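Asks: Residue strings, one per chain:
There are 2 protein chains.
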Amino acid sequence: MHSFLSLIAEEDVPQETIDDLKRKMVTRKVPKGHILLRKGDKNSKAYFVKSGCLRSYAIDEKDKEHIIMFAPEGWFISDIDTVANRNSAQLYIDAIEDSEVEILDSELINVFVASTPLALQKLNNRIAVLQKRIIMLMSATLQDRYIDFLETYPEIVQRVPQKMIASYLGVTPEALSKVRGELLKTKDEH
Amino acid sequence: MHSFLSLIAEEDVPQETIDDLKRKMVTRKVPKGHILLRKGDKNSKAYFVKSGCLRSYAIDEKDKEHIIMFAPEGWFISDIDTVANRNSAQLYIDAIEDSEVEILDSELINVFVASTPLALQKLNNRIAVLQKRIIMLMSATLQDRYIDFLETYPEIVQRVPQKMIASYLGVTPEALSKVRGELLKTKDEH
DNA sequence: CGTGGAGTTGAATACGATCAACACCGGTGG
DNA sequence: CCACCGGTGTTGATCGTATTCAACTCCACG
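Sequence lines, in order, name chains A and B.
Just so you know, we're using the numbering used here here: the first sequence kicks off at 1 and counts up by one.
Just so you know, we're using the numbering used here here: the second sequence kicks off at 191 and counts up by one.
Think of the hints as simulated: they come from the structure by calculation, not from any bench.
Values in this document were obtained by computation on a predicted structure and should not be read as measured data.
This list has only true hints and no planted wrong ones.
Here are a few chain A residues that sit away from chain B, every Cβ distance over 10 Å (derived from the structure):
#1 Arg23
#2 Lys29
#3 Lys42
#4 Glu73
#5 Glu100
#6 Glu107
#7 Glu182
In the DSS-like style, the derived pairs of lysine-lysine whose C-alpha atoms are separated by at most 27 Å in a straight line are:
#8 A:Lys163 with B:Lys322
#9 B:Lys312 with A:Lys39
#10 B:Lys232 with B:Lys214
#11 A:Lys122 with B:Lys229
#12 B:Lys232 with A:Lys132
#13 B:Lys312 with A:Lys42
#14 A:Lys122 with B:Lys322
#15 B:Lys322 with A:Lys62
#16 B:Lys353 with A:Lys132
#17 A:Lys122 with B:Lys312
#18 B:Lys252 with A:Lys178
#19 B:Lys322 with A:Lys64
#20 A:Lys178 with A:Lys132
#21 B:Lys252 with A:Lys132
#22 A:Lys62 with B:Lys368
Take a look, some chain B residues computed to stay more than 12 Å from chain A by CB distance:
#23 Arg218
#24 Gln333
#25 Val347
Every residue, glycine too, gets a C-beta built ideally from N, C-alpha and C.
Please construct the entire structure, taking both the sequences and the accompanying hints into account.
Replies: Structure representation (structure tokens):
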């Protein structure tokens, strides 16, 4: 079972800190489609996904959604900057499957960060992922980016509608559909 | 004068920690063009820029440079993920002006992170900046991205060659030049 | 059964890449 | 002092990739 506490169980965290976390942690069910965070919200929280799948995204001036990340079970998702600094949210977060999450407010996050290097590792890793994505957007064709996505997140491809993957890759659903058509064609040429 | 120690002077850091940092901090001059970090290097460090300007960048399979960030005086720059996790570097870092830097190895960074929330704020802010850039790459035209760059980093525009700004924006120098031409034209139409 | 959302396909269009030519310095060496 | 050179930036023509708009199929779900 995916849970925040089992995640840090192997870490060198004092029992009293664990007890503290256990007391303050809130678990919540989130039905598919439910929006947990909207741009402008002040109560920005982080979520650890126990089951299901969430996503975070921005909406631009032309009302287009741009998906920042997917979070299947075992992942954290948040508008990190606005949780930590208590600013109003920049992103939206919603459930793309019926899900169950554990809620971490900024106090709990501070405990998490202070008690194990794991939190810092996650932040560093997040930066590396974002940087790689920027380089891919700047240098790779859509086809290469799609193939990279398939290899990096094979489990997500199965669960998420194509138009959301297109949104993540930064292209229209039509463009992604055509690339998929080409890939099938070149694969059949054996 | 920009220095790491004056940066944390206002923070609530114990004197002994400051003394410790002061003892271990190394300052170094870096002439324009000198490369501090190459892809594959194992001795990845973070740098606080006292004067001058550095940049970090990736080189893709077609030998094209993609600039990740500029760091004028007062900024940190590093391949964060590889410093913290002691992996081999993914990025290059070099000086685009004669510069002076303070060197922070992973031990010093740990002290920094542990002694003040400032380090965490910087990481969170970095994530926010990277996310915004991804959204800009996915949704905005080159012209809008360039205008945004001008507004966000006016001091950098003055100091950095256009081809590097083009590299940061993810386009060819020719494309940026044409956008600049259009902007001048529409501005002259008064 | 229908109805609407998701995905596919095609035609026309827009935007940036590529390639090439050229202007404009800022050195450097004769 | 000037001639030369390489690097930077500009401009134009052509090409390629993704967007836009539209029509259509296929299901899942009422």
